[in-house]
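A.B. asks: Each chain, letter by letter, is given below.
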Amino acid sequence: MTAGAPPVTPPVTPIVTLRGVSRTYPSGTLALDRLSLSVEPGEFLTLLGPSGCGKTTLLRLIAGLAEPSDGRIEWSPDGGARRLGFVFQEPTLMPWARVEDNIRLPLMLAAVSPAESAARVGEAIAHVGLEGFERAYPRELSGGMKMRVSIARALVTRPQILLMDEPFAALDEITRFKLENDLSSLAHRPRLTVLFVTHSVFESVYLGSRVVVLSPRPGRVAAEFRVDSPAPRGEAFRTSSAYLEACRQVSALLASAMDLPLTLAPSPSGGEGTRPTSDAT
Amino acid sequence: MRRRNHLLAPALVGLVALAAWEAVVRMEGIPPYILPGPILIARTVVADWGTLFPSLLVTLAITGAAFLVAAVLGLALAVVFTQSTFIERAFFPYAVILQVTPIVAIAPLIILWVKWIPLALLICAWLVAFFPVLSNTVLGLTSTDKNLVDLFRLYGATRWQAFRYLRLPSALPYFLGGLKISGGLALIGAVVAEFVAGTGGAQSGLAFRILEAGYTLQIPRMFAALFLISAAGVLIFALLTGLSRVALRRWHESELEPGD
Ligand SMILES: Nc1ncnc2c1ncn2[C@@H]1O[C@H](COP(=O)(O)OP(=O)(O)O)[C@@H](O)[C@H]1O
Ligand SMILES: [Mg+2]
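Chains A and B, in that order, are what the protein sequence lines are.
Residue numbering for the first sequence follows the working numbering, beginning at 1 and increasing consecutively.
Residue numbering for the second sequence follows the working numbering, beginning at 1001 and increasing consecutively.
Think of the hints as simulated: they come from the structure by calculation, not from any bench.
Among the hints, a few may not be true.
[Stated by the list, open to error] Listed next, the in silico EDC-like pairs over lysine to aspartate or glutamate satisfying Cα-Cα at most 20 Å (straight line):
1) B:K1146 <-> A:E40
2) B:K1180 <-> B:E1253
3) B:K1146 <-> A:E67
4) A:K178 <-> A:E90
5) A:K178 <-> A:E131
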């Protein structure tokens, strides 16, 4: 399912391209080191890396919540202002607001008309399967439901790209599987571009059309892996041999990424040293 | 059922304590001008109601006015302080100085400067009461969930929107907590200032009744006035607790029903 001859695809303009992006915190911590990456329209890109390797930092840079210390982030020049949705590691809901008002927030801030926002909120609620909970308060919901609200809020602006920071890490496995299935299908229908951060090999393979493996801090792209199984994926995929084999390979890539030397000196063989890359396109 | 138990336990403790008090007073034969028993105090409250009640109203009026000003100004100052770290750094120490200076020490000065006694008393009570509202609200306005702040930024919220829809609601539980402390303090401030002022006549509050009873050795009346002050304090606290419950019931951890 991978490492075969790459299919001949017409060149696509990436939605966003990171060129040699570094980020040093004022404390002196180098969180990201000359990281380059591009996100293509319609792909479900999962970023896999150990805790503390700079995944959250990377998403915050892309979202414009922080500035890179070095390097550039380039957005595709397709007219209008870039729209992005962000799902944090925690649900990050306003406890004083009902589910529907939490989801409406981005539209309210943008002064979208009430009729238009009502329609969009309804659509987002249907997307994540929260019908009937519109008037509930966050504290009345389970962890999984809160995360659904958070996802609905990110979808309500119909984003060009959805950034998700380990959104399911705190959930129990059964809830997580359900949310992963639902996310896989809702990202498929109106083709969404998703950049999904995780520290779980299984999750990265299950959801991703492409898995990018990051090295331990400072984060760099250590390897890349394409998962060719068609989306949306369901429970059958989870037990398929193709899935298990892909997980095995990604685990191996992650294991060798963990052994990468801290500074990547150009090796005599040229190129980028010991960088294991399977099926680079 | 649960709620009834909440009231039952303290009521029981109170009854036992009162009974013990009454028993000690009777068995030891303590004269009323040293320590009156609770039954005599209750009788005095009823007998002297005509004198005590108008004084209670005077004290409550000063307390209420000082509390309202403390709530409004405390909130307004907190908002101003949190607009810039410079303002907060520059002014907050003075708010602290006002707070830590004992009111009994400044009250004579204020009474000296402000000729109209009720206003002087109000200022004293306000000085005691406003700080908890200010410091609590400042804390509330600055301890907003960082991720929510980022979320608002991400969706292009204006400064006003972030204030109105994020920081203000986040600060509400803190503000209400400040009010709960402040209500009792306003009463204490009003009583202390009245003691210092020692005014008599038609405008005298409960503190003056206590002074007066002390001079004339009407100790049961002194206790009766004291009882009314405590009762007023409890009532203020209960009202503010109720307000907080109504405002936060739906969403805040502090007001969740047990087992909710
Ligand atoms: N605000 C900050 N100030 C200083 N160091 C930080 C800050 N945020 C993150 N870091 C450090 O940067 C590194 C990467 O953090 P983060 O991006 O949160 O990693 P991840 O999300 O992959 O777990 C960590 O070592 C962390 O301690
Ligand atoms: Mg993180």
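A.B. asks: Hints first: check each against the structure and report whether it holds.
C.D. replies: Now the hints, each set against the structure:
Taken as a hint, the B:K1146 and A:E40 pair is broken in the structure, with Cα atoms around 30 Å apart against an allowance of 20 Å. Using a Cα cut-off of 20 Å, the hinted pair B:K1180 and B:E1253 holds, with the two alpha carbons roughly 17 Å apart. This hinted pair checks out: B:K1146 and A:E67 have alpha carbons roughly 17 Å apart, not beyond 20 Å. Proximity of A:K178 to A:E90 is assessed by CA-CA distance (about 18 Å); at most 20 Å being required, the pair is judged to hold.
For the suggested pair A:K178 and A:E131, the alpha carbons sit about 16 Å apart, so the restraint of at most 20 Å is met.
Going through the hint list in order, the structure does not satisfy hint 1, though it satisfies all others.
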